[in-house]
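Asks: What follows is the residue order along each chain.
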Amino acid sequence: MIISIASGKGGTGKTTVAASLASVIPESVYIDCDVEEPNGHLLLKPEFISEESAKKLLPQIDQEKCTFCGKCVEVCEFNALINLKFEIVLFDEMCHGCGACIYFCPSKVITERAKEIGVVRVGITSAKIFFADGVLNIGEVAATPLIKEVKKNIIEGKINILDSPPGTSCCMVETVKDSDFCILVTESTPFGLNDLKLAIDVLKTIGVSFGVVINKYDPSFTEMENYLNENSIEILLKIPFERRYAESYSEGILPLDKYPELKNAFRVLHKRILEKVEIVNAG
Amino acid sequence: MPDKSYKQIVILSGKGGTGKTTLSAAFAGLIKKKVVIDCDVDAANLHLVLKPEIINSYDFSGGKKAIIDPDKCVECGTCETVCRFDAINNFTIDQLSCEGCGFCFRVCSSDAIKFDPSKSGSYFECELPDGSKFFYAKLFSGDGNSGKLVSEIKRKALENISSDIEWVIVDGPPGIGCPVNASVAVADYVVIVTEPTVSGIHDLKRLIELLKTFKIRSGIVINKYDLNETIATQIFNYAENEKTPIIGSIPFDPEFMKALINGENVLEVNKNIQEEILTILRQLELQVEISVN
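Going down the list, the sequences are from chains C and V.
Each residue of the first sequence is one higher than the last, beginning at 5 in the numbering used here.
Each residue of the second sequence is one higher than the last, beginning at 294 in the numbering used here.
Incorrect hints may have been included.
To be verified - Calculated pairs, SDA-like style, for lysine to any residue (alpha carbon to alpha carbon, straight line, at most 20 Å): (1) Lys-156(C) x Arg-377(V); (2) Lys-358(V) x Thr-209(C); (3) Lys-536(V) x Gln-576(V).
Stated by the list, open to error - With beta-carbon atoms standing in for the labels, derived distance ranges: (4) Asn-534(V) x Phe-52(C): 22 to 28 Å; (5) Phe-52(C) x Ile-348(V): 36 to 42 Å; (6) Lys-325(V) x Glu-55(C): 34 to 40 Å; (7) Ile-583(V) x Glu-55(C): 50 to 56 Å; (8) Glu-234(C) x Arg-377(V): 56 to 62 Å; (9) Lys-536(V) x Ile-159(C): 15 to 21 Å; (10) Leu-571(V) x Leu-88(C): 29 to 35 Å.
Keep in mind the hints are simulated off the structure, nothing from the lab.
Cβ coordinates follow ideal geometry from the N, Cα and C atoms, glycine included.
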């Protein structure tokens, strides 16, 4: 089972919710897909058992044998290649590694080399949560290939919690696309609501069922609940805006480890999600 | 320096939700001769505070998408073999997985694949209540072209910029990937908004490492600095080692949250906050002056 945690807006509490949920589920799997800024390890503090380099393939042109015909440049949709007539220049960061240049090169002078884009780390926490995350190399722009690599650590038969990056673009979709259920974490502000609507659009487009957790909940922001009620979207949990929760998070301690009321709330959330997934799967 | 009259500052954070947009809105409220650009194109929020009026909308096409015409397809399967993004299954193309490389279109021998530009979003040229120009965008759900859209909206905003503009304020996206790189391009200075949490400092360090590759100067604002004084001190020490100035700190203030909930600019909350932001802005002006000269 795959439960993803996403939000649209950054800083609403995705990682806190994901790590808290993982910590109340026995033998759960937590996978941090926010490879640009992975933070789950700061809260779950796993002991890492392996670290593997993740790579992407880039074309390598034999400039000696190249006739500079320009076919590779012509078939590259990403403008990653430039023909200087005495050299073909590759812009690494533009290349998606599709392989078209290699296939269409009439003189067959293009091979491939692997370039590291980041690392995938695997570990286990003291509470026996299986942990995996990806750390994108600084300066590397292609996050989605690394997310694909990190997701290879999903374990069938277990409950996998996937922590998504913020936003609603390709990285978020790559994370949530084959989830059984997605928890959208929002906050009681117009920013939170605006980005929640964007995230809901994405999930509806790709057909993933979802519910909402309102973090930093403030009842005075009535627009949030009005919107959710009008659209029959289920509120799975409300976590009040409290300085002590923020302080606990700031130290890298999951607020539920300090405050039992939160532990109970997350146990209830776990049950609710299991019910939701059953209903979804039943059709 | 090129003959431009303005200075371009980009507000970034690494970690999301530290207060980039709130600070950008506050700067926008205090600076007169300005152009403001929201480069968080997949979750834009600045327009909610600045209350702009849209003057022009533009379509954005980030790339092409491939579609198989089932009437022409002879089901040879060549396209599926060459696609490295696992986007083709059973002679249909999953638009979410398709990266628009066109490899399938080029290898198809029965001319069954259409490969045309697709609309991936829109962007808006707006006027703010004080007459300044403001640009923001809306990327289509799940699109993979956020970096390109950032570049395009910045190009549009700067192409006919009036000569009396002194500041270009860019509200950046979270993270350190593609759209962040596009936001930082041709900027003069980066303001990093961080918070004293283990995640905040972790992400701050990654962002500073990224900015080194751009050789661009930056200054740090610590938001909610009194939430955890130990980590705030660690940020101060780290900043000193990195020779990156702390240009301001803002306390954890429920009044801030109230302003956010009401969709107000934090400047409107009270005089103290206005003074604090003004102090940060003066520091910023000083630092930008130093780094440009």
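Asks: For every hint, state whether the structure bears it out.
Replies: To see whether the hints hold, each was checked on the structure:
1. Lys-156(C) x Arg-377(V): 16 Å, holds
2. Lys-358(V) x Thr-209(C): Answer holds: Lys-358(V) to Thr-209(C) is near 17 Å, not above 20 Å.
3. Lys-536(V) x Gln-576(V): Judged against 20 Å, a Cα distance of about 15 Å means the pair holds.
4. Asn-534(V) x Phe-52(C): 22 to 28 Å: 26 Å, holds
5. Phe-52(C) x Ile-348(V): 36 to 42 Å: 53 Å, violated
6. Lys-325(V) x Glu-55(C): 34 to 40 Å: Given range 34 to 40 Å: violated, Cβ gap about 51 Å.
7. Ile-583(V) x Glu-55(C): 50 to 56 Å: This hint is violated: roughly 40 Å between Cβ atoms.
8. Glu-234(C) x Arg-377(V): 56 to 62 Å: Check failed, 43 Å falls outside 56 to 62 Å.
9. Lys-536(V) x Ile-159(C): 15 to 21 Å: 45 Å, violated
10. Leu-571(V) x Leu-88(C): 29 to 35 Å: For Leu-88(C) against Leu-571(V), whose Cβ atoms are near 51 Å apart, the range 29 to 35 Å is violated.
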